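K.L.:
Each chain, written out:
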Amino acid sequence: MTSKKSQKSLVELRINGETIEVAFAPHKTLLEVLREDLALTGTKHGCELGECGTCAVLVDGLPVLSCLVLGLEAEGREVTTIEGMATAAGLHPLQDAFADLGAAQCGYCSPAFLLVAKELLEVNPSPNRDEIREALSGNLCRCTGYIKIYEAVELAAARMRGEAVEPATESIYGFEV
Amino acid sequence: MNTIGKPISRVDGKLKVTGSARYSAEFDMPGLCYAVLVQSTIPAGRIAGMDDSLARKAAGVLAVLTPENAQRLPGAEKRLSLLQDNQVYYNGQPVAVVVAEKLEEAHHAASLIKIRYSVSAPKLDFVAGFPSSHPGNHNGEPGDMSWGDVDGALKDSDIKIDQVYTTPIHHHNPMEPHAAIAQWNGDELTVHESAQDISGHRAKLAKLFGVQESNVRLICLFVGGGFGCKGPLWSHVPLAAMAARQVNRPVKIVLERPQMFGPVGARPRTHQRLTVGATREGKLTAIRHEVHAHTSVIEDYLESSAFPTRVMYGCPNVSTIHRIVDLNLGTPTYTRAPGVATGTYALEVAMDELAYKLNMDPLQLRLLNYTENDPQTKLPFTGKHLRDCYTRAAERFGWSNRTREPRSMRDGSQLIGWGVATETYPANRRPASALVRFKPDGRVLVATGTHEIGNGIYTIMIQTAADALNVSPDLIDAQLGDTALPPAPITAGSMTVASVTPAIQTAAERVRTRLLQMAVADSGSPVHDASVDEVDFKDGLIFRKLSPNRSEKLGDFIARNGGQPIEGIAHVEPDETLKQKFASHSFGAVFAEVSVDPDLGPTRVRRVTAVYDVGKVLNEKTARSQFIGGIVWGIGLALHEDSHMDARTGRIVNENLADYHVPVNADIGEIDVSAIDIADTHLNPLGARGIGEIGITGTAAAVANAIYHATGKRIRDLPITPQKLIA
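One line per chain: the protein sequences are A and B, in this order. Counting from 61, one number per residue, gives the positions in the first sequence under our numbering. Counting from 4, one number per residue, gives the positions in the second sequence under our numbering.
Derived from the structure by calculation, the hints contain no laboratory data. What you are looking at is a predicted structure, and each value in this text was computed from that prediction instead of being measured. The beta-carbon is built from N, C-alpha and C at its ideal position, and this holds for glycine as well. Heads up, a few of these hints could be off.
[As the list claims (entries may be wrong)] Covered by chain B, according to a simulated footprint, are these stretches of chain A (three or more residues, beta-carbon under 8 Å):
| # | region |
| --- | --- |
| 1 | 103-114 |
| 2 | 117-125 |
| 3 | 167-173 |
| 4 | 176-185 |
| 5 | 190-197 |
[To be verified] Computed footprint of chain A on chain B, listed as stretches where at least three residues anywhere in the stretch have a Cβ under 8 Å from a Cβ of chain A:
| # | region |
| --- | --- |
| 6 | 225-231 |
| 7 | 267-276 |
| 8 | 591-600 |
| 9 | 664-672 |
Okay, chain A solo, but in the shape it has when bound (with noise of 0.2 Å):
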């Protein structure tokens, strides 16, 4: 026991906002520390290779791939996963746009796609389509075709900014309802 425990470093974490004392081997990659140690499985594995994005979260507000980060590295960093999206006043209001327009679909990518949009927003309050196109430019998705992330995080960024939007009302059948 004593020799798997030398294994281990004992680590302090800022994760949404709460400070965590872990311990995990040092090899562990952050990602792996989130959704095996610490059990934070809003943060979604997808490959691994720093490919797909779908395990973005944000370390000192910045978007990282936390498959690419060790667990290590993230000491003393504030990081905050999806789990730390919302406030005790409720969801992000991009929270709020991806679920209601639908750019939550199968949902495994949503969580990273919804961090990557928060910095984007914090940076820049007011993006136009290609500024967000850029900046999730390093997300995969599989099932929406982007166009209703897009749409959630233009509507998200009104709301932010205090305009009073709501949705598209065009509906599928080609005309106003």
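Since the structure of chain A is provided, determine the placement of chain B on it from the hints.
P.N.:
Coordinates of chain B only, in the frame set by chain A:
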């Protein structure tokens, strides 16, 4: 209630945007340990020796399963690689499993296993396999079907097109990799699996392990995408169960991304020769659609690419032929719109070629050969409004502004092209069961063993129950993805809604009747002594129709009557005689605009307009999602997706998401989808035909035709990459 057809937001949206939706790998349990697959590195031969001594001694290792020691499973299908013998049929085949306390320990130990192979000459040359190819069938439908005299008609045709179109191997690559957690409790097996067919997988696992089906439980609350690859049971699931039995602990297995390129299905490669004859006026006189597609050497799977040719146009002489080529590759399987996606690509490009040869507008050619009846059986369609789709989509797209000549439209230095194609997908329905339960807390539960794969079925279930019971959707909860619930069919073939909603409606009707019968018999009820016809249930209240104020809350009624839930269960079979009376297909029209850089070759799909005839649309939001998602798959088929096989080793060389190109957001322009909302009640009471797959059909052809219009180059081998365009 009238929620059907409304753009209700997904009821599972909040779970998905907060990270609370639990996918199959995300269940923890005491003693959970990890399994890792060891895969073959040769395409054909046998294992001559395996040295696992180092792996067994490695830290944390609990077991190493090999063909030497694995549990014998009499009757295991050859298609599954369950370590029952030493044979190797494809590169990437599971040949051993390592189980360890920690995932990384299992990985490390797996790397220590040394395998010696005796290599045989593999069959990897697709075209060389044509002479020894063989016929097959798809879901029981024969691969070969002809009518009329094709040879004679082709001889007499004024105009002829004779071309070969090819499509490459595709791997589904849902964002969520395959995952399973298996746990034994005596002879009872529980499996959390990312699956599209929990009932089917339960039956297969029970048979494999020689236990009663009732001893096996499959659970899958959310599927992180599947597109067909999670339909069949693949080797890693029984292997996890074998490992769990051996170590007597729950075992988790999650495939790595490269493992998604081999042992869990693929869309097979196709080679399609289309010979089309027509009169000078453009009337089709003959079509021969001859398909070669590959399968593995261990199981037949037929990519039924010529099936859409049997239904698309009125033509008196048609021959559809399929031949299967056995290769030393993993067994292919259903991939979004199996057969139809690849087949409509070839047929609809051939139609475009014919239109150019006739000097005719490609949309006109399609209208000229429009068929009101199924051309093969002459049966009427349960509903077909394709003409409206063409007209409306052409109008929305602005098709009348197109100039016909290739290279005739430009935007600055970019060549612009517009293309059109027809879309189709068969409408199917299978038996399904459901339960609807009035709960003591006054809420309603609707449940069936179907799968939420992004299709929005949680939401559709609630809408169906809400309308059937006259209860607000807010009062209803949905449960699915568990074989402990009444069974539902595989989530595939665009048939979930058509199959499941009739069972929910019937179960709702039963529980409603039961409640009203109990209420009128209950001396404490305000509706006591009325006849069932005189009372009603709406929005959680039981009341007399003539004096609605004399009502009682559902929860109060149940509390007074013993506090037990009231339940209705229904099993509903489709009308099997329908097929003798009607053909049932969805149709659509899709238009695409591309720009092509004439110097560098890249194609951009600037906009796509599609209009669908899919019967009743049950939820505008989830429907729009499905249509757009399908179109994007069509763009991937046209321009990006291509699994490259190493010709010597049979290994897919681009087995990752950096080199296997799925459409990324920069690939997608504007997409405008709409639907013609005419219910098709022949198939099911709600009149819905299913929408998950039709979007990918036709789209690749519309893009390919637009590229021809832009460049004058007819690329007949997908994907249409920049290098092919500047070659």
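K.L.:
Determine for every hint whether it applies to the structure shown.
P.N.:
Hints, one by one, checked against the model:
no.: 1; hint: 103-114; in the structure: holds (count 10)
no.: 2; hint: 117-125; in the structure: violated (count 0)
no.: 3; hint: 167-173; in the structure: holds (count 5)
no.: 4; hint: 176-185; in the structure: violated (count 0)
no.: 5; hint: 190-197; in the structure: holds (count 3)
no.: 6; hint: 225-231; in the structure: holds (count 5)
no.: 7; hint: 267-276; in the structure: violated (count 0)
no.: 8; hint: 591-600; in the structure: violated (count 0)
no.: 9; hint: 664-672; in the structure: holds (count 6)
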